[in-house]
Amino acid sequence: NEGVCSWFDFTKMIAEYAGNRGCDVQPCHSDEFPSKVVRPSYSVLDKTKFKETFGMGVPYWTDSLRRCIGNL
Numbered sequence: 001n002e003g004v005c006s007w008f009d010f011t012k013m014i015a016e017y018a019g020n021r022g023c024d025v026q027p028c029h030s031d032e033f034p035s036k037v038v039r040p041s042y043s044v045l046d047k048t049k050f051k052e053t054f055g056m057g058v059p060y061w062t063d064s065l066r067r068c069i070g071n072l
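For the sequence shown, full-length UniProt numbering begins at 1 and goes up steadily by one.
Because the hints were derived from the structure by calculation, they are not lab data.
What you are looking at is a predicted structure, and each value in this text was computed from that prediction instead of being measured.
Watch out, some of these pointers could steer you wrong.
[Stated by the list, open to error] Below, a list of computed lysine-lysine pairs in the BS3-like style, where the Cα atoms sit at most 30 angstroms apart:
1) 51 to 36
2) 12 to 51
3) 12 to 47
[What the hints assert, rightly or not] Here are the computed distance ranges between Cβ atoms for each label pair:
4) 58 to 38: 37 to 43 angstroms
5) 52 to 18: 32 to 38 angstroms
6) 57 to 35: 32 to 38 angstroms
7) 55 to 33: 27 to 33 angstroms
8) 56 to 4: 15 to 21 angstroms
9) 3 to 26: 32 to 38 angstroms
10) 27 to 55: 16 to 22 angstroms
All C-beta atoms in this analysis are idealised placements derived from N, C-alpha and C, irrespective of residue type, glycine included.
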C-alpha cells in the first residue's frame, strides 16, 4: 500500500474504522518491549519494482484498511 504508518498509527485507524468501542490506544516505544531480536527503528517497503513490473497503482493504506474492516 502507499503511504507509511507506525504500528501506533495502524492500531489507531483500526480502532477508528471499527467504531472505537471504548478502546483507548496509547503510544509506546519499542524499548518498553525488550527483545533479543535486533530490528531497525524505521523501515518502509519500496513498491517501485512492483508498480513498474505489473503497471499497477497501489492504494493508500488507509483505503485498504477501511475496505478490509468493512469486509469483517
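For this session: Return the numbers of the hints above that this structure violates; sort them in rising order.
Result: 1, 4, 7, 9 and 10
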